[in-house]
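Respectively, the protein sequence lines represent chains B and G.
Following full-length UniProt numbering, the numbering of the first sequence begins with 1 at its first residue and continues without gaps.
Following full-length UniProt numbering, the numbering of the second sequence begins with 1 at its first residue and continues without gaps.
There's no promise every hint is true.
Unchecked claim - Listed below are the simulated DSSO-like cross-link pairs for lysine-lysine, each with C-alpha atoms no more than 30 Å apart in a straight line:
| hint | chain 1 | residue 1 | chain 2 | residue 2 |
| --- | --- | --- | --- | --- |
| 1 | G | K203 | B | K141 |
| 2 | G | K157 | G | K288 |
| 3 | G | K276 | G | K288 |
| 4 | G | K326 | G | K313 |
| 5 | B | K141 | G | K157 |
| 6 | G | K313 | G | K288 |
Keep in mind the hints are simulated off the structure, nothing from the lab.
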Amino acid sequence: MRISQLLLGFPAALILSVLFGAYAVFFAVGLLTAVPNTADVAGPVTLDNYARFLFEPSYLAILWRTLWLSTLLAVLTAVLGYPVAYFIARTPSSFLRRFMLGALVVTMLAGSVSRAYSWLVILGNRGLINSFLLWTGLTDKTVPLVYNELGVSIALVHFLLPFFVLTVFGAIKNLPTSLEESARNLGAGRARVMAKIVIPLTFPAIAGGLAIVFSLAMSAFVFPLVLGGGRVRLLSNFIYDQVFVAFDRPFAAAVSLIFLVVALTALMLLTLLQNHTRRLAAGGFGGKGA
Amino acid sequence: MMTRFLTGATRRAVLGALAALPLVASALPASADTDEIYVQIWGTTWQSALQDIAERFEDATGIAVVPVTQASSSEGLVRLQSAGEDPEIDVWFTTSSLAARATQNDDLFLDLPESVTELAPDLVAGAIAPRYAAAYFYPMSVIYRTDMVDAPITTWKDLWDARFANSLAVPDVTTYAGRSLLISAIANGGSIDDIDPGFEGLKALSPNVVMFYSSDATARQALAQGEVSTLVATPAQAKRMRDQGIEVEVATPAPTPMLFDVMTLVDTPRADAAAKFIAYVLSPESQKLISERLNQFPVRKDTPVAEALQSIKPDPENTISFDEAKVNANIGEWNERFQREVAQ
Numbered sequence: 001m002r003i004s005q006l007l008l009g010f011p012a013a014l015i016l017s018v019l020f021g022a023y024a025v026f027f028a029v030g031l032l033t034a035v036p037n038t039a040d041v042a043g044p045v046t047l048d049n050y051a052r053f054l055f056e057p058s059y060l061a062i063l064w065r066t067l068w069l070s071t072l073l074a075v076l077t078a079v080l081g082y083p084v085a086y087f088i089a090r091t092p093s094s095f096l097r098r099f100m101l102g103a104l105v106v107t108m109l110a111g112s113v114s115r116a117y118s119w120l121v122i123l124g125n126r127g128l129i130n131s132f133l134l135w136t137g138l139t140d141k142t143v144p145l146v147y148n149e150l151g152v153s154i155a156l157v158h159f160l161l162p163f164f165v166l167t168v169f170g171a172i173k174n175l176p177t178s179l180e181e182s183a184r185n186l187g188a189g190r191a192r193v194m195a196k197i198v199i200p201l202t203f204p205a206i207a208g209g210l211a212i213v214f215s216l217a218m219s220a221f222v223f224p225l226v227l228g229g230g231r232v233r234l235l236s237n238f239i240y241d242q243v244f245v246a247f248d249r250p251f252a253a254a255v256s257l258i259f260l261v262v263a264l265t266a267l268m269l270l271t272l273l274q275n276h277t278r279r280l281a282a283g284g285f286g287g288k289g290a
Numbered sequence: 001m002m003t004r005f006l007t008g009a010t011r012r013a014v015l016g017a018l019a020a021l022p023l024v025a026s027a028l029p030a031s032a033d034t035d036e037i038y039v040q041i042w043g044t045t046w047q048s049a050l051q052d053i054a055e056r057f058e059d060a061t062g063i064a065v066v067p068v069t070q071a072s073s074s075e076g077l078v079r080l081q082s083a084g085e086d087p088e089i090d091v092w093f094t095t096s097s098l099a100a101r102a103t104q105n106d107d108l109f110l111d112l113p114e115s116v117t118e119l120a121p122d123l124v125a126g127a128i129a130p131r132y133a134a135a136y137f138y139p140m141s142v143i144y145r146t147d148m149v150d151a152p153i154t155t156w157k158d159l160w161d162a163r164f165a166n167s168l169a170v171p172d173v174t175t176y177a178g179r180s181l182l183i184s185a186i187a188n189g190g191s192i193d194d195i196d197p198g199f200e201g202l203k204a205l206s207p208n209v210v211m212f213y214s215s216d217a218t219a220r221q222a223l224a225q226g227e228v229s230t231l232v233a234t235p236a237q238a239k240r241m242r243d244q245g246i247e248v249e250v251a252t253p254a255p256t257p258m259l260f261d262v263m264t265l266v267d268t269p270r271a272d273a274a275a276k277f278i279a280y281v282l283s284p285e286s287q288k289l290i291s292e293r294l295n296q297f298p299v300r301k302d303t304p305v306a307e308a309l310q311s312i313k314p315d316p317e318n319t320i321s322f323d324e325a326k327v328n329a330n331i332g333e334w335n336e337r338f339q340r341e342v343a344q
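Take the sequences, apply the hints, and build the full model.
Structure follows, in structure tokens:
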């Protein structure tokens with residue numbers, strides 16, 4: 001029994017050791033130094049790369065900007081995605097549900113690069129939106145929707161939305177409709193039912209969805225690169241520049257590890273929030289039932 | 001227990017995987033097979049001209065050339081370094097700027113053999129270095145749509161004109177080895193040793209810039225869609241635009257920075273065959289093909305420049321080149337300053 005358990009655990013242990021091994025290499029390389037005017041790295045072992053990032057305000061500004069934008073986009077995705085998930089879960093038409101879920105899955109499976117270029121066509125000065133605005137006379141000159149943070153944000157929300165909706169959809173679907181009906185029968189309006197029953201009971205799923213979209217937004221690379229016009233630089237783009245422009249792999253490795261720690265801390269906070277709300281939801285519901 | 005663990009479908013899957021190993025192995029580069037060499041190159045450069053040259057080379061020597069595409073030469077270098085002691089690339093195409101930095105690695109690169117270096121008298125100045133040979137060269141140019149720009153562009157300072165408000169695509173500092181910054185420095189009274197006017201110039205240019213690009217494809221798309229009217233790029237981009245049916249003009253204002261794309265010889269067991277390929281790319285027929293198909297200038301002095309390039313051939317007195325060692329020493333810092341002061 002013990003040997004079979006060990007055998008079964010071996011593949012998982014192997015995969016995890018490879019994953020963590022990669023970060024161990026990152027940590028080790030981050031302790032070295034780039035050799036000037038070459039693409040090589042060498043000793044001695046030092047923490048200078050970590051200090052260089054953590055004590056340079058312009059570098060920290062990129063980290064804060066990435067954190068801020070990721071948080072903003074995660075919340076925006078949740079605000080937009082929750083009603084969509086609710087509609088899909090509660091629509092009486094199974095055809096409509098399957099159609100919308102299919103559309104979300106197809107959107108999710110489409111590659112980032114093709115989507116980024118599609119958004120260039122839609123958001124550009126001669127794109128669909130600006131052409132429509134000019135045609136209707138709502139504006140007499142083009143609105144800059146791309147090659148800036150707005151364009152990157154629009155494309156990222158589009159990218160993140162399916163992940164959030166598909167995460168939350170299941171929780172809403174599993175919530176008995178009788179709960180909402182009972183509340184309505186007792187005189188609660190739609191908004192109150194949503195605020196007091198549906199959202200609190202599905203909050204663990206909302207927190208889970210937020211965690212997923214936040215981590216995806218934090219690591220965004222292609223959308224800022226293609227749609228940012230060189231003016232939107234998130235931490236992934238910064239790390240890329242250190243590897244491929246400055247050829248400073250030790251510094252890139254150090255920044256990557258700092259990035260990982262910050263992202264994990266944020267995700268741990270979200271997990272704590274998720275567990276807390278789950279306990280609250282279970283306790284509150286049980287109390288009322290009793 | 002083990003027998004039970006490896007039964008049925010699992011055992012068949014394991015046996016199938018083991019049986020497939022020879023097939024997988026045969027698809028990987030053979031370590032000392034000189035019937036074929038591996039060339040790491042940009043996809044569009046390969047498709048436009050080098051594929052044809054490689055086929056002719058195979059007909060002439062029996063050595064097949066297998067392309068390994070790279071999105072950028074920086075990415076190519078990182079891939080080469082990651083391979084460690086067994087690089088599976090024999091010839092690496094890169095920019096002269098990056099080659100100057102990368103070829104200092106004695107473990108990865110070889111000196112060019114005499115069969116290549118003896119061609120130096122036939123080539124333009126600067127085309128051969130101990131560890132790289134230029135395949136072609138090109139001037140930094142201005143490409144503009146004739147349906148969107150009324151008056152011709154003749155000087156770099158034209159780009160600062162208010163008539164170009166919100167209509168330029170300019171390479172960022174990482175692209176074309178900081179040439180946009182160096183052009184800005186020279187156009188505003190500075191130099192590679194006095195770079196501050198370059199940053200001031202780019203800041204002043206910023207209202208005219210729609211995008212600081214890092215990808216030629218993205219910049220071409222912006223020009224094709226009419227997002228920008230004018231592109232600071234190489235003449236090869238103009239050919240690709242014309243191939244799409246978009247009317248563009250090319251200007252090569254003075255001083256004209258010249259750049260080389262070069263071939264380096266990687267230290268592999270197939271180095272002899274790889275050196276033959278490098279020499280073949282420098283042959284008159286290959287150089288003619290590069291000029292006509294790729295719209296880049298041939299490095300051989302005796303090769304005629306393609307018809308499409310005749311009108312934009314810069315006057316040698318107006319060309320300028322930069323100390324690549326200085327560029328390499330500063331490019332990381334320039335990029336960070338550019339991001340802080342200009343792009344954001």
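Consistency of the hints with the structure:
no. : hint            : in the structure
1   : G/K203 - B/K141 : 24 Å, holds
2   : G/K157 - G/K288 : 34 Å, violated
3   : G/K276 - G/K288 : 18 Å, holds
4   : G/K326 - G/K313 : 27 Å, holds
5   : B/K141 - G/K157 : 27 Å, holds
6   : G/K313 - G/K288 : 15 Å, holds
Figure legend: structure checked against the earlier numbered hints; the only hint not met is number 2.
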